[in-house]
Structures are given as C-alpha cells and as structure tokens.
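With the hints as constraints, model all of the structure from the sequences given.
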Amino acid sequence: MAWLGVFFVAPIVIVALYSFNVYTLFPGPHGFTLDAWHTVAGSGIYRHLFWKSIEMSLIVSISIVVLAYPLAYYLALSGTRRKYVLLLLLIAPFLTSYLLRVLAWKVILGDQGVINSFLVWTHLRAPEHPISQLLYSRFAVMLVLAYIWLPFVALPIFVALENLDQRLLEAAGDLYASRWRAFVAVTLPLSLPGVIAAFFFVFIPTIGEFVTPSLVGGTGGYMYGNQIVDKFGAGFPDWETGSVLALFLIIVVAILTALFSRFLQPQRVAAE
Amino acid sequence: MSTIALSKNGARVLRGFFALVVAFLYAPILILVIFSFNDSDFPSLSGFTLRWYRQFIENGDLRAALWTSAIIAALTSIGAVALGVLSSIALARRFFRGKPVVSALLLSPLVIPYLVFGIALLLLFHQIGISRGIPTVVIGHIVITLPYTILVLVPRLEQIEEALEEAAYDLGANRWVTFRLITFPLILPAVVSALLIAFTASFDEYAVASFLVGTRSTFPIYLYSALRFPSQLPQVIAVAVVVLLVSLTVVAAAELGRRFVESRVGV
Numbered sequence: 001m002a003w004l005g006v007f008f009v010a011p012i013v014i015v016a017l018y019s020f021n022v023y024t025l026f027p028g029p030h031g032f033t034l035d036a037w038h039t040v041a042g043s044g045i046y047r048h049l050f051w052k053s054i055e056m057s058l059i060v061s062i063s064i065v066v067l068a069y070p071l072a073y074y075l076a077l078s079g080t081r082r083k084y085v086l087l088l089l090l091i092a093p094f095l096t097s098y099l100l101r102v103l104a105w106k107v108i109l110g111d112q113g114v115i116n117s118f119l120v121w122t123h124l125r126a127p128e129h130p131i132s133q134l135l136y137s138r139f140a141v142m143l144v145l146a147y148i149w150l151p152f153v154a155l156p157i158f159v160a161l162e163n164l165d166q167r168l169l170e171a172a173g174d175l176y177a178s179r180w181r182a183f184v185a186v187t188l189p190l191s192l193p194g195v196i197a198a199f200f201f202v203f204i205p206t207i208g209e210f211v212t213p214s215l216v217g218g219t220g221g222y223m224y225g226n227q228i229v230d231k232f233g234a235g236f237p238d239w240e241t242g243s244v245l246a247l248f249l250i251i252v253v254a255i256l257t258a259l260f261s262r263f264l265q266p267q268r269v270a271a272e
Numbered sequence: 273m274s275t276i277a278l279s280k281n282g283a284r285v286l287r288g289f290f291a292l293v294v295a296f297l298y299a300p301i302l303i304l305v306i307f308s309f310n311d312s313d314f315p316s317l318s319g320f321t322l323r324w325y326r327q328f329i330e331n332g333d334l335r336a337a338l339w340t341s342a343i344i345a346a347l348t349s350i351g352a353v354a355l356g357v358l359s360s361i362a363l364a365r366r367f368f369r370g371k372p373v374v375s376a377l378l379l380s381p382l383v384i385p386y387l388v389f390g391i392a393l394l395l396l397f398h399q400i401g402i403s404r405g406i407p408t409v410v411i412g413h414i415v416i417t418l419p420y421t422i423l424v425l426v427p428r429l430e431q432i433e434e435a436l437e438e439a440a441y442d443l444g445a446n447r448w449v450t451f452r453l454i455t456f457p458l459i460l461p462a463v464v465s466a467l468l469i470a471f472t473a474s475f476d477e478y479a480v481a482s483f484l485v486g487t488r489s490t491f492p493i494y495l496y497s498a499l500r501f502p503s504q505l506p507q508v509i510a511v512a513v514v515v516l517l518v519s520l521t522v523v524a525a526a527e528l529g530r531r532f533v534e535s536r537v538g539v
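As you go down the protein sequences, you meet chains A and C in turn. Residue numbering for the first sequence follows the numbering used here, starting at 1 and increasing by one per position. Residue numbering for the second sequence follows the numbering used here, starting at 273 and increasing by one per position.
Please note that a few of the clues may not be correct.
[What the hints assert, rightly or not] Every beta carbon over 12 Å from chain C, so not counted as near; a handful from chain A, in silico:
{"hint": "1", "residue": "Leu-58"}
{"hint": "2", "residue": "Thr-80"}
{"hint": "3", "residue": "Pro-189"}
[To be verified] Here chain C is said to cover these stretches of chain A; the calculated rule only asks that three of the stretch's residues, wherever they fall, bring their Cβ under 8 Å from a Cβ of chain C:
{"hint": "4", "segment": "96–108"}
{"hint": "5", "segment": "140–152"}
{"hint": "6", "segment": "222–232"}
Think of the hints as simulated: they come from the structure by calculation, not from any bench. Heads up, the beta-carbon is just placed ideally off N, CA and C, and yes, glycines get one too.
Take a look at the structure:
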C-alpha cells in the first residue's frame, strides 16, 4: 500500500499542483492560481481535440465490440472442442509487442507499402499516384487501434457467454422460442455486462492514446494524448498547461470508471 | 451444446468469420516475416537474404537497448510479483476495514492512461530530485504491472482450500513456514505466469519508459525512433520478427504449461 501511495497517488497530486501553478517548471513568481485551467477551458483547440479523440475512440470501440461478439459467441456456444486453443489463437497477437504491430501496418499502408504496390502491380493505380491517404490519416489511426485491440475485446464477452446458464436457452427452446428470439430475449441481455466491460476496456486506453497517432496519424490523426506529450516535450515545454490537460483526462477516466464499475469484474476475466 | 444457440449453417458461417478475423490478425505479422528476408531495400520485393539479421546482430545500439529492456523487465517482474503475492494474500485471506477501497486502489493502475502516469512520475522524480535511469523505469513498471499479477494470483489463492493452511498452523508451523511449504508450492504455476506477464508487459512498455528513462534507450524506445527513419526499417523488421516469435512461443508455452500443471494437480 505504501508503495502505491508513494509512486501512484503522490505523482498525481504533483500533477495537480502543477496545474494550479503551485509548482512551475521555470523559476519565478508562482502561487495558487487557476490561470492554466482558465486558459485551457477557454481554448477551442483543446476542446476540439478532446472531442475528436472521444469520437475516434468511440468509433473504434463500438466497431470492434460488434466484430468481436460473433467470435466470442462462436467460441463459447458452438460446442467446438478446441475452444481454448482457438481462444489462445485469437488473443495471442495481443500479447506480442504493440509497436511491432504498428510497424506491420506502416509496411502495409505506406505510399510504397504492400497495398499500394499491389495496386500498381495490377495497374489499378499509376506508380506516381499511390493512395496516400492510407497512411498518416485518421483512418489509419482508427484501423491500427482496432487491429491492436480486437483480440482483447473478445475475452470479456467470451467469459460472459461462457458463464451463461445453457439451461435457460434450452428452456427458451422448449417454450417454442425461435433461435433469434432466444438470442434477443436470453443470450444478449445476459451477456450485456461482458459487452459493456469489453467496450470500456478499449475505450479508456484509446482516449489517452498517443503512440499510434504519432506513428501513423500524421496531422489528421493527431489526438488529445499527443497534445499532452508535446506540452512535456523538448520543443516548447509548458508543464502547467500540460498538467491541466493530463489531470482533466484522469478526471474523465475516473468518472467513466465509477459509472461503469458495476460491469467491470477484471477478476472474472483473468480467471479464464 | 444446445442447438438453440446456433444452427448448423449458423455455426458454419461463424466458423468462416472466425477464420477470416484470425487471418486478418496474423496477415500483418506474416508480412513482417516475409519482408525480413527480403533482399532489397524496402519496399520492393526480391530474393532471399539473411543480411538484415546479420546487421541487427552487429548493431551495438540495438543490442544495448534489448539488454536494457531485459534488465528492466527482469527487475520489474520480480518486484511486481513479490508485491503482488503480499497484496494478494492480504486480499484473499485477511478481512480488514476498507478492503473494497484497497482493492480498487490496487487495480486502478489498470485504467489510468500510461501517458499521464509517466508524466506524473516524471514530475514527482523531478520534484524530489531523483535523476532518471533504469531504477525510475523499474519503479514505474512495477506500479503498472502490479494489478496484472494480483489478477492472476488472487483467483488461484481462492481456489486453494484454506484448511490446508489451517492444518499447518495446527501442526505448529508459523506463518512463514506455512507460506513456504504449503501456500507457495500451490500457487507456483500462477506465480510463474504472473512473472511472465509482468516481464512481457514491461519489456514492451513504451509510454512510461519514454518519460522516465533519461538518456538510455530501451527496446521499444529504440523501435519508436527507428520507425521514424525508413533506412533502418529492414533491420528493425528483422528484430521485430525475432521478438514476435519469441514472445508468441513464450506466451503459448506458458499458457499450455499452466493448464497442464493445473489439470494434473487437479485443483
């Protein structure tokens, strides 16, 4: 506990102090003010970036939850004997290096990458006019994020479906429910907590994402997280404004966690 | 299985979809492998070569970065698992006031954006005047990997019958002897998977490390900067393939090993 107190809680308190100008990067007159908060709140740029990041994470999280649901459904309910081997096959990419998977997409999407080379080779596209929007765009960021998180999302949904009492489905069948009706009335509602947990486990980390956007995002894919990094970077450091942005992100995440906490049971996911 | 869950045709469609997604997940990795043996400058494809592998073996900076990451990951996994065992025993065996709050706090590093956490630790070390280096990264990594070790250890502890430990106490063993002779051997498979998880998570971690490492570079930091200079790309792809295959093998072996041991022990 003491460990977390010193190295987890204390750092966040320091960030808060920076944001209120109690500490500053450059020596000079300082004291408690809300200036940095006023500046950020009044600036359209930060607000715009924040909403853009929320929107991008929402699109990514919702689409991969929708994609992952049938996968988890197949594994949990089709009665396939090798379901754990298949589950491991699905999840294994998630356990490999994050940066390497981003690298793979750079190789695929680049101006001279796999897709464009293929298009040139098949004469669908002239060599001097590759589809350059593939890399360094919002689309690239969202595609790569979806690729990275997809395997992970299947896990909580699988756990929820796996724990489903199959007798309920049989009962529905005995009562002459159609397959579709049994799914809508029994399976879907009972697996909903897993779906919500899955959504949350992707949505939270992707709001604060900065590595993928900085590698494949260009200017179009620039996200809130990149803004924070730049405030602490080598160029024009502004630790006070950066702290406000960082603290705001923590607050948003904390509120979301509190709202969703009743659906989150990481223990159950890990036990599988 | 109940046939109401899935018709024959439905199962077939879903199996096809599953295969498609798995192909989508592995295709990029396969492409990396192909390009790592490609005998010309990226991106045109021609001939087979081991040139890039040789270059990476001869690249001192890259080897140093891999080595730094390995040291950090080793220290992190040991520290995180030691703390993880202590806190898991407290969570699984003791009853104390404020337990829900404590367990929420222990797991909260799971949801904090690493970027923000890295910055926060940077500010803390800056404030108390600790210079950045390997120890600071290890501290950061222990905090973020601790919840994973707890998530692996607590379910295992809950599976073990407390009666076994109580029997040891009745026979006059003290806490430490009981832990060493009874509890620890029983949770060993979980301890090993916790070590592996912490090791791989730390080895791959970029955000926190980039703020805390100072002038040295870890493997992910090296990769990140290499990704910005295309001339190094083929070499980086070669390393990437090696690291990918090693980590996939370790993960698969660990998981299968754990299931095997647990089914043998029959708990």
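Verification of the supplied hints:
1. Leu-58: Its Cβ never comes within 12 Å of chain C, the nearest being 16 Å, so this holds.
2. Thr-80: Nearest chain C Cβ is 8 Å from Thr-80 of chain A, so the label is violated.
3. Pro-189: holds, 15 Å
4. 96–108: holds (count 13)
5. 140–152: This one holds; 3 residues, not fewer than the three required, reach chain C with a Cβ under 8 Å.
6. 222–232: holds (count 4)
Of the numbered hints listed earlier, the single one contradicted by the structure is hint 2.
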